[in-house]
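Asker: Got chain C sorted already, so can you dock chain X onto it with the hints?
Those protein sequence lines, which keep their order, are chains C and X.
In terms of full-length UniProt numbering, the first sequence opens at residue 1 and continues consecutively.
In terms of full-length UniProt numbering, the second sequence opens at residue 1 and continues consecutively.
Each hint should be verified, as a subset may be incorrect.
Pairwise CB distance ranges, derived in the manner of DEER restraints [claimed, not checked]:
(1) 692(X) / 448(C): 28 to 34 Å
(2) 524(X) / 13(C): 44 to 50 Å
(3) 136(C) / 474(X): 50 to 56 Å
(4) 139(C) / 387(X): 36 to 42 Å
(5) 139(C) / 100(X): 22 to 28 Å
(6) 99(X) / 203(C): 34 to 40 Å
(7) 413(X) / 498(C): 42 to 48 Å
(8) 90(X) / 179(C): 54 to 60 Å
(9) 203(C) / 47(X): 25 to 31 Å
(10) 516(X) / 186(C): 42 to 48 Å
Covered by chain X, per the in silico footprint, the following chain C stretches (three or more residues, Cβ under 8 Å) [stated by the list, open to error]:
(11) 14-21
(12) 45-54
(13) 84-94
(14) 112-123
(15) 140-151
(16) 196-208
(17) 480-491
If you're looking for bench data, these hints aren't it; they were derived computationally from the structure.
On a predicted model such as this, the values are computed, not experimentally measured, just so you know.
Glycine included, every Cβ here is placed at the ideal spot set by N, Cα and C.
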Amino acid sequence: MSSPRPLRFVHQGRVQSVTGLPPTTTVLQYLREHARCAGTKEGCAEGDCGACTVLVGELDADGDALALRNVNACIQLLPMLDGKALLTVEDLGDSTDLNPVQQALVDCHGSQCGFCTPGFAMTMQAIYERHQADGTRPTRQDLADDLAGNLCRCTGYRPILDAGERMFDAPIRLLDRGPIVDALRELQHDAPLHYEAPSRAGTPQRVFAPRSLDDFAALREAMPQARVVAGATDVGLWVNKQQRELGDVILTGRVEELRRIDTTTVTGSDRASERVTLRIGAAVPLEEAWAALTAHVPALRELWLRFASPPVRHAGTLGGNIANGSPIGDGPPALIALGARIVLRRGATQRTLPLEDFYLDYMKNALQPGEFVEALEVPSPPPGTRLRGYKIAKRYDSDISAVCAVLSLRLEDGVVRDARFAFGGMAAIVKRAAKAESAVTGRAWDEAAQAAAARALDEDFRPLTDLRASAGYRQRVAANLVRRFWLETRANAPIAAEAGSVWQAVNLRRSVA
Amino acid sequence: MNKPSELPPELTTAIPTPQPQVGISRVHEAAHLHVSGEAIYTDDIPEAHGTLHAALGLSPIAHGTLVSIDLDLLRRQPGVVAVLTAADIPGENNCGPLLHDDPILADGELRYVGQPVYAIIATDRELARRAAALARQAIVSTPLPAVLTARDAHAIGQYVVPPMHLTRGEPQAALAAAPHRLDGEWAVGGQEQFYLEGQISVALPQENQAVLVHCSTQHPSEMQQLVSHAMGWASHQVTVQCRRMGGGFGGKESQSALFACVAALAATRLRRPVKLRVDRDDDFLITGRRHGFDYRWSVGFDDDGRILAADIDLISNCGHSADLSAPVMTRALCHFDNAYWLPHVSMHGYCARTNTQSNTAFRGFGGPQGALAIELILDGIARRLGLDPLTVRQRNFYRDGQDITPYGQQVEDNQIGRLTDQLVRTSDYHARRAEIAAFNAASPVLKRGLALTPVKFGISFNVVHLNQAGALVHVYTDGSVLVNHGGTEMGQGLNTKVAQVVAHELGVPAAMVRATATDTSKVANTSATAASTGSDLNGKAAQDAARKIRQRLTPLAARLLDCAQDDVVFEGGEVRDAGAGTGTAGRTIGFKALVAQAYLARIQLWSDGFYATPGLHWDRAKLQGKPFFYFAYGASVAEVLVDTLTGESRVLRADVLHDVGQSLNPALDIGQVEGAFVQGQGWMTSEELVWHPQSGLLMTHAPSTYKIPTANDMPRDFRVALYDAPNRADSIHRSKAVGEPPLLLPFSVLLAIKDAVAACGPSRCDPPLRAPATPEAVLDAVEAVQATRAT
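Just chain C, with the same shape it has in the complex:
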C-alpha cells in the first residue's frame, strides 16, 4: 500500500500542502478557519443556499484546458480537492478593482444584505467564463437556471439577472488561468492520494483516491468497510448535520475510466432499428450525465434542469445518485423507464442487472461487500416510444420531488406493446408501476386505457404522508400525470407540452425565445 502524503491543491495562485486536518474537513471550513479567507459564507451547510459557492478547476483529459465548475464548498470534503484548483471570491477583483461580474452586480443594485453575494458572484463568474469562451451570451432564462442553486432573500433576483446580462457589456476580463494550469500540471506528477490524519473523533482515518479502475477495484475489494465517496453531496450532510464518522474513504473522482461517457451504436437492418447505448461511468458528474441523457432523450430536459441545482450537479455523480438509492432520487425513474442496466464490479468480476433489480428495499441495494457501481448502460428508446419525465415539487428548482414520474410506452399501430412507468416518491424505493403497466399493455392507447392505468396505481403504490406531500396528493397526482402523459401522447389531437405543464409553458418557451 502507498505511503501517506499531504493534500495538495492550488489556492491563491500557489500549491497548498495540507497535513493534519481531519479528512472530513470541508472546503468551507478550510477556507474560513484555516486559510482565513472569510469572503466565502456559510448559509446552510447543506448545499442548498449557495452562499459558499466556489469554483473548482481541473485540467481536461488532455491536460491543456482548465475546466471550472461552481460547487458548494460546505459539502466538498477537502481531500476531494487534491490535484485540483480552488478559486474563491478573493480571486475576483478586490473592492478597489472590481471585475466585470462584480461591477455589474454593483451597478445593477444586485446586493442588499450582501451575505449571499459572494456566492452569486462566483456562480456568475462561472457563467461569464463559459459564455466568453463560447462567444455566447446567456438568456435571462439561462441565467435563472444557472443560478438555481443560489438563494437570495433580499432582492427578488431581478437586479441579479440584470447584472448577469450587463456583465457582458464591459471589456472582457477573464480569470488568469495560466498560473493555475501550470500549477495543476505540477500536481499531475503527484502519486495517487493516500492521506492520513486523525478524524474528528481523534481516531486515524485514511483517504485514498486511486486513478485507475483496476486500482480502485482492488482497493475496494481489500477494504470492504471503507466508505466510497463520489461527490459528497449527500455524505457532506452526514458529516455536517449528523456528525457521522465515515471511517476510511475511497474517492471515485480521480478514476479516469469511471469518468467516461461512451456511446456504442448497434446498426440494424435499417436506420430505424439503429440503437445507441450510452455507458455512463459512475463518477461522471450529474451535469454531464444529464446532458448526455438529454441529448439521447430530449424529453428528459425538464428533469435535468430541475434535478438539484447546478453546483450539486457539478459535484454529485450519477453513480452516486444511483448507489445512494434515495426513494425519491430523480435519476433512477428516468433510467428505469429507459430500461437501463447497472454495471457492478468486485475485484476483476463484473456483473450487470436491470436497474430496477438493484433496489431491494428502503435504502437497501444489491451491492455485495467490496462491490461498487461501475457504470450505467442506457439504451436509446426503441422506435415508436413515447416518453415523458415529470417532476412535482413545492418549488421548481432544487427541490426534492414529492413525485417523480418517467413514463414510457412503445406503440405499434396505436397499440401499447411495452410500458415502463417508473415512479419516485411513491414507495420505499423507486419502482415501476407493474399493475398500471399491465393495464395498458396490449390495448389501444386511449382514454379508457389511461383511466385503467390511473386506477391501477392505487394497487401499485401506498405512498406515505410527509413534509413534502400527503399520501392522498401523491396518489392523485400520480394518476393525473398518467393522464397528462396520455393527453400529450395520444394519437388523436395530442396537446402540446406547453399546454399541459406550467414549467414547459414558461421555461421552454422562454429558452427557445
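Answerer: Positioned in the frame of chain C, the structure of chain X alone reads:
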C-alpha cells in the same frame, strides 16, 4: 466691501454644479464590499486569541418537566471546557423582550422541541456541536401533554396574553340587517425569515466587569439590556456592536437575544472570548418566525358588495412565550381594514400559546395577517355576487366621509383610489381579464388567473415611545464626515440613505460621508430597526445632527464670505454666497477649508441629533388613537398560470405601483419593493412549515425542506414602478417608509391562483384555497370546485 483680490486663497467665485444627494439612486454603501467578499459580518471578525465556541443542547420533547441534565456525560466529551445551565445565570433567566416569560436556558419546564436547555463551551465549534447533540441522552425529563396548534390552544383558552377586542358601531345588529352574509374560516401558515446569515454572537470579556458583544441584531440596545439583566449588571457594563447583518427581516429583532446572552454569560464566566454561531437547522429549531393565523369571520354586505358589518376572530400561533406576539396582534387588528371602510366591525385577537418555537417579528409584523383576511373576504363576496373582485374592492375603498379606521385614526391623504386607477390603466387590467377568460375557455389543463390587491400600511411603531431615534455626526478637520445612528444595516440600505441625508445637509459629496457600526456606546437607548421606520427615524435624527453643525458653521462662513447668514448655501462640497444681486454673490469657500477655519475658531464640529415622531397617541387598552404618522400605499396585479392536473403554478406577470413618497433613493426603494414582493410570494406559495403532528418536531428546518423562492420563481414579467407623490406628513425629505408595506403586494398572487382555480368550477364558485398555495393545496381546491360542478 472686500474685493475679489482680497479673498483668502481658498475662496473662489466658481459656480458649483448642483449635486443632489437625496432622491438619487446611489448604490448601497457596501456594495463593493459585498461583491468582493470584503464586507465583514460577525463571523468574519478575526477571532481573538483563545476564542471558545458554544453550542446549544436542545429539548427533544415538546412539553415536559426537566428532571436533570447529565452534566458529567457532557463535560467528559472531547474539547468541552464548560457546560452552562439555567443555574449558571447570575441575573434573570429571561430573554423575552416585553414579558419576562422567555428563559434563556430551560429551567424546570421543557416547552418545545428545540428549546435550548444547556450550552456547551468547547475548544472548537464542531466539538461543541458534537457534545450539544447528546441532548437526548443527557436530558432526563418527564413528558407532559403538548398543545401543538393554535386551534387546540384556543379551544382550551391557552394564551400568552389576554384576548384583545376592537369594536366599532353595532356589528351584530348590522350583520343581522345585511342583505347578504358570508361566514368563513381560513388559515394562513407562518413564514421563516431565512436571513442568509444565521444567528450569531461573539462576546469578549472586558476589564472591570464588562463585556463587548458583537451581535447580528436589529436591536443592539435591547441586546445590551437583556445581557445586563442576565448578568445582573448595569447597562453600562455591556457594549453591543453590529456593523451589518446578513439579513434580518424581523428575526433578529428580539430573538438575537438568546444567543447574545449565552455568549456573554460564557465569556464572562470563563474570561475567554466566546462565539456562538448556530447551525441553520438549530436556527430553525430554536427561533420563531412569522405567526401563522387562523380566522373565523362573518360579514354582511349589500348587493353591490359593500361591506356593512364584519365580525372576525384572529387566532395567532404564538408558540411557547409572548415575545412580540401582543404588538403583532395589535398590528394585525389595525390592518384588518387594509384599504377599506368598515362601518360596523368587531375584531377579536387571540394569542394562542402552543408548544412550538416562539413566533416573533417578520416584515409586516402582523399587518399582512390582518390585511390578508379582508382580501380573502372581499374576494369571496365578489365571487358570491358574480362581480369582478376589483370592482368590489374599489367600492369598499376609504373615501371622504368614510375615512376613519376602526382604531379611530383618520385616513388623511388617501391615495388608494387614485393609485389603483393608475395601476388598472398601466397594467391593462380589463383587457387582460377578457383575454384570460378566452384563454381559459380554450385551455383544458392550464388555467390563467388575474387579481389586483391594494395595500394601505400604517407607518410608526404601534407603541408611541419607540418612535424616537438618535444620531451622532462627526466632521473631522479634513472635512470628512462620520455618521453613527441607532439604526442597523441589514441590507435595506439604511446607512446609504442616512449618509445621503447627511451629505445633503452639509452639502458635501457622498464619498465624504461614511457610516459606522451601530454601537450602544455611541447612541444610547435606541429602538429596534423595525416597523419600516429605520430611515424615517434615523434619517431625521442624523439630519438634526448635521443641521446643528451646519448652523454652527454658517456664521463663520458668512463672515469669511462677507455675506448675510441667510445667503450661505452648502452645496457640492463648497459653501457659497447665494445672495442675489450683491457684490459677493457666487463667492465660495471649500467645505474643507471652512471646517479647518472652524476648528481654529474652536467651533464644535460634531453633534448629536434626536428625533421623536410628532402627533402620535395610542390607548393600548381601548385600541384607539393615532398610532401611525402616515400611511404608505401600493397595489399590484398578478397573473398566474395554474396546472389543474398537478396544482403547480407560476407567476407570469406582476405589475406593481408603490408609494414611497418622494424617494430618498429610488434604486434602493425599488429593491425593497421587489424583494418584499418575492418574499411575500414565497409565503403565499412555496414556503410551508410542517411540524410533526405527534412529536411537535419542526420537520421543515433547513433550505432542503423549506423552500424560499429562487430566481426562476420571480414573476416572469415584473413591472415595478414608484408612485410619484411627496409624503404629506413632514417625513425625512417627504419620503415614505418602504421596508414592510410591499410584503403585502403579492396577496395578488394568491388571489390570482384562486381566480385560476375558479375557472375550473361553476360560475360564482369560491375555491377553498389554502395558503401557502402549494401544488397540493391548489389541486385540492381545483378538485373541490370541480366536484361542485359535477353535482
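Asker: For the segment 84-94 of chain C, does the count of residues with a C-beta closer than 8 Å to a C-beta of chain X reach 3?
Answerer: holds (count 6)
Asker: Given the range 42 to 48 Å, decide if the beta-carbon distance of residue 516(X) to residue 186(C) lies inside it.
Answerer: holds, 46 Å
Asker: Are residue 139(C) and residue 387(X) spaced within 36 to 42 Å by their CB atoms?
Answerer: With Cβ atoms ~41 Å apart, the hint holds.
Asker: Honestly, do residue 90(X) and residue 179(C) meet the 54 to 60 Å range at C-beta?
Answerer: Since residue 90(X) and residue 179(C) have Cβ atoms about 56 Å apart, the given range 54 to 60 Å holds.
Asker: Between residue 139(C) and residue 100(X), is the Cβ distance one that fits in 22 to 28 Å?
Answerer: violated, 56 Å
Asker: Taking 42 to 48 Å as the hint, is the beta-carbon distance of residue 413(X) and residue 498(C) inside that range?
Answerer: With Cβ atoms ~46 Å apart, the hint holds.
Asker: Using the Cβ atoms, figure out if residue 203(C) sits within 25 to 31 Å of residue 47(X).
Answerer: holds, 27 Å
Asker: How does the Cβ-Cβ distance of residue 524(X) and residue 13(C) compare with 44 to 50 Å: does it lie in that range?
Answerer: Roughly 47 Å apart at Cβ, these two residues keep to the hinted range, so it holds.
Asker: At least three residues with a C-beta closer than 8 Å to a C-beta of chain X: is that true for the segment 480-491 of chain C?
Answerer: Our answer is that it holds, as 5 residues pass the Cβ test (under 8 Å) against chain X, meeting three.
Asker: State whether the coverage of the segment 14-21 of chain C by chain X holds or is violated, taking the criterion as 3 or more residues with Cβ-Cβ distances under 8 Å.
Answerer: violated (count 0)
Asker: Are there three or more residues in the segment 140-151 of chain C whose C-beta lies within less than 8 Å of some C-beta in chain X?
Answerer: Answer holds; 7 residues pass the 8 Å Cβ test.
Asker: So the hint says 34 to 40 Å: do the beta-carbon atoms of residue 99(X) and residue 203(C) match that?
Answerer: violated, 49 Å
Hints 1, 5, 6 and 11 from the list above are not met by this structure, while the remaining hints are.
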